[in-house]
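J.: With chain R's structure known, arrange chain V on it following the hints.
Spelled out from the first residue to the last, the chains are:
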Amino acid sequence: MSSTTRNALLKLALPLIKDHGFTRSALSLAVMYSPSGKHTAPLNDTAVDALFGEGDEARRTLMNAWLDDARVSLRKSYSQDSDTATTARNPSLGNVLKTRLSKNEGVLEHLPEAFALLATPPTLSSLIFPLTLDPRPAISHSMSVAAEACKLSCDTSVGATWYTRRATIGAIYTAAELHQLYSPTTAHDFLDRLLEESQTLGMAVDETFIYAKYIVDAWKGIITSRGITP
Amino acid sequence: MSSRSGPQPSAAYLDPSKARDPSTTQTPEDLTEAQRGELHRALRVDQAGEVAANYIYKGQLAVFQTDPKYGPLIQEMWDQEKKHLIVMNKMQLQHHVRPTILWEVAQVAGYGLGFVTALMGKEAAMACTEAVETVIGEHYQDQLKALEDFPDHPSLPLLREVIKEFRDDELEHLDTAVDHNSQRAPAHALLSTVIGGGCKIAIELCKRF
Chain R
1 MSSTTRNALL KLALPLIKDH GFTRSALSLA VMYSPSGKHT APLNDTAVDA LFGEGDEARR
61 TLMNAWLDDA RVSLRKSYSQ DSDTATTARN PSLGNVLKTR LSKNEGVLEH LPEAFALLAT
121 PPTLSSLIFP LTLDPRPAIS HSMSVAAEAC KLSCDTSVGA TWYTRRATIG AIYTAAELHQ
181 LYSPTTAHDF LDRLLEESQT LGMAVDETFI YAKYIVDAWK GIITSRGITP
Chain V
1 MSSRSGPQPS AAYLDPSKAR DPSTTQTPED LTEAQRGELH RALRVDQAGE VAANYIYKGQ
61 LAVFQTDPKY GPLIQEMWDQ EKKHLIVMNK MQLQHHVRPT ILWEVAQVAG YGLGFVTALM
121 GKEAAMACTE AVETVIGEHY QDQLKALEDF PDHPSLPLLR EVIKEFRDDE LEHLDTAVDH
181 NSQRAPAHAL LSTVIGGGCK IAIELCKRF
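Just so you know, the sequences run in chain order R and V.
Be aware that the first sequence starts at 1, since it is given in full-length UniProt numbering, and climbs by one per residue.
Be aware that the second sequence starts at 1, since it is given in full-length UniProt numbering, and climbs by one per residue.
Source of the hints: derived by calculation from the structure; they are not laboratory data.
In this text, all values refer to a predicted model and were calculated from it rather than measured experimentally.
One thing to keep in mind: the hints can contain errors.
Unchecked claim - Quick list of the computed label-pair ranges, beta carbon to beta carbon:
| id | chain 1 | residue 1 | chain 2 | residue 2 | range |
| --- | --- | --- | --- | --- | --- |
| 1 | V | 193 | R | 171 | 40 to 48 Å |
| 2 | R | 221 | V | 179 | 28 to 36 Å |
| 3 | R | 160 | V | 71 | 29 to 37 Å |
| 4 | R | 120 | V | 193 | 51 to 59 Å |
| 5 | R | 143 | V | 197 | 32 to 40 Å |
| 6 | R | 120 | V | 168 | 51 to 59 Å |
| 7 | R | 224 | V | 82 | 16 to 24 Å |
| 8 | R | 205 | V | 86 | 19 to 27 Å |
| 9 | V | 32 | R | 175 | 34 to 42 Å |
| 10 | V | 7 | R | 73 | 53 to 61 Å |
| 11 | R | 112 | V | 168 | 17 to 25 Å |
| 12 | R | 47 | V | 86 | 54 to 62 Å |
| 13 | R | 204 | V | 82 | 43 to 51 Å |
Said to hold, decoys possible - The list that follows gives simulated cross-link-like pairs (lysine to aspartate or glutamate, EDC-like), each with its CA atoms no further than 20 Å apart:
| id | chain 1 | residue 1 | chain 2 | residue 2 |
| --- | --- | --- | --- | --- |
| 14 | R | 103 | R | 68 |
| 15 | R | 11 | R | 68 |
| 16 | R | 76 | V | 29 |
| 17 | R | 213 | V | 104 |
| 18 | R | 98 | R | 49 |
| 19 | R | 151 | V | 30 |
| 20 | R | 103 | R | 197 |
| 21 | R | 151 | V | 29 |
| 22 | R | 151 | V | 21 |
| 23 | V | 164 | V | 79 |
| 24 | V | 145 | V | 175 |
| 25 | R | 220 | V | 67 |
| 26 | R | 11 | R | 69 |
| 27 | V | 90 | R | 155 |
| 28 | V | 83 | V | 29 |
| 29 | V | 90 | R | 148 |
| 30 | V | 58 | R | 217 |
| 31 | V | 90 | V | 179 |
| 32 | V | 207 | V | 138 |
| 33 | R | 38 | R | 57 |
| 34 | R | 76 | V | 30 |
| 35 | V | 90 | V | 38 |
No residue lacks a Cβ here, since even glycine has one placed at the ideal position from N, Cα and C.
Just chain R, with the same shape it has in the complex:
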């Protein structure tokens, strides 16, 4: 089967996650919801292995497809051309991150296991290295959300600030998302508090740099007045 078929089945599997979780069952049952109506039986294990990967790899494929779909959905929420856009055209960063957190609400109970699955590297799932975790998928997820949030909130950072801003937003979102898994009703307030604290911290760092610049300029003045530079 082509990648088009694989992508179509992944799309059909996404609404099934709410009831079935990020499981091979969801992938297997997806074909029964095909618009053609030709398939009346789920895919067998061999077909799921061939299309989406063997064992837990298929579940990771479904999880990554869901994360991609959430990102696209977030973008559509603020698209100027979208008929479904109901939110402000120039949203604040807080609003964008809250919208992204709301995409988790339908599958919240399944997310802890799904994130744990992503953190387990497939090649080391044997008994030899049972305790090794791979942080890269988690970092990739938080950076992807941060990048999308910066784009939608029209962030104007350049230079090194571009990186520090995204790293900060990624860390804030990760903390808020983890909070949401255990206390969904207070997640938005927690996010607001983190954003407020990071703003205060940012101002403190900026003031430190301004003070350091005064010191450097003072030394430049001393050096110039001593005639060291022409």
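T.: Chain V in isolation, oriented as in the chain R frame:
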């Protein structure tokens, strides 16, 4: 300094009335992965180059600020680079390009190069400008060729015109440097080779990082 008449293409990025124009706010969505990579690398290097150029002139002016001839000359070239950087920053945001992670290195290296060559003398400072502007001018020309086959989108003709404008500005700086005795600098050939080689290495690094 510029002998070209009429509004410059880069004015579109500095004109508040064009703040919502698709040519200055949108980026093409239908590029192939290779084309998108090419566009992003080009803008990342261009932006880094303008950062470095700004700091080179800043370093040179730190030495020549009281010189009645070279002070105003370097200030004028620096003012043009400041405008280039403002436009490059807007283009980076427009096309969602990752800036180089070597941003701070470009600042320090640029300032150091400008300051040291200025301490070597006026001709050496001009030789530095000549070498850097030669590499940048060639680089912009290569980018124009690479952007020729991109699909239609309102932002791309403006991008090409802005690159042409900046290429011409840099070549004017090169001519200015030559007119102000850059080629009389001590060890001119060695200085030009080392600085030119350093610029080419910096371009390759900024493409990747």
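J.: Note whether the CB distance of residue 224 of chain R and residue 82 of chain V lies within 16 to 24 Å or breaks it.
T.: At 23 Å between Cβs, range holds.
J.: Checking one constraint from the list: CA of residue 58 of chain V to CA of residue 217 of chain R, max 20 Å. Satisfied?
T.: holds, 14 Å
J.: Quick check: does the Cβ-Cβ distance between residue 32 of chain V and residue 175 of chain R fall within 34 to 42 Å?
T.: Between residue 32 of chain V and residue 175 of chain R, where Cβ atoms are some 37 Å apart, the hint holds.
J.: Check the following: the C-beta atoms of residue 160 of chain R and residue 71 of chain V are separated by a distance inside 29 to 37 Å.
T.: Holds: the Cβ-Cβ distance is about 30 Å, inside 29 to 37 Å.
J.: Below or equal to 20 Å on CA atoms is what counts here, so check residue 90 of chain V against residue 38 of chain V.
T.: It holds: about 18 Å lies between the C-alpha atoms, which stays within 20 Å.
J.: Below or equal to 20 Å on CA atoms is what counts here, so check residue 38 of chain R against residue 57 of chain R.
T.: violated, 27 Å
J.: Holds or violated: residue 103 of chain R with residue 197 of chain R, Cα cutoff 20 Å?
T.: Given that 20 Å is the threshold and the Cα spacing comes to 24 Å, the pair is violated.
J.: Mind checking the hinted window 28 to 36 Å against the Cβ distance between residue 221 of chain R and residue 179 of chain V?
T.: With a Cβ separation near 34 Å, residue 221 of chain R and residue 179 of chain V satisfy 28 to 36 Å, so the hint holds.
J.: Can the restraint linking residue 151 of chain R and residue 30 of chain V be considered satisfied, given a maximum Cα separation of 20 Å?
T.: holds, 18 Å
J.: Taking 20 Å as the top limit, are the C-alpha atoms of residue 220 of chain R and residue 67 of chain V close enough?
T.: Status holds; Cα separation ~19 Å.
J.: For a C-alpha distance cap of 20 Å, please report whether residue 98 of chain R and residue 49 of chain R respect it.
T.: Since the Cα atoms of residue 98 of chain R and residue 49 of chain R sit roughly 36 Å apart, the hinted pair is violated (cutoff 20 Å).
J.: Sort out whether residue 79 of chain V lies within 20 Å of residue 164 of chain V, counting only the CA atoms.
T.: holds, 18 Å
Hints 10, 11, 13, 18, 20, 24, 28, 31, 33 from the list above are not met by this structure, while the remaining hints are.
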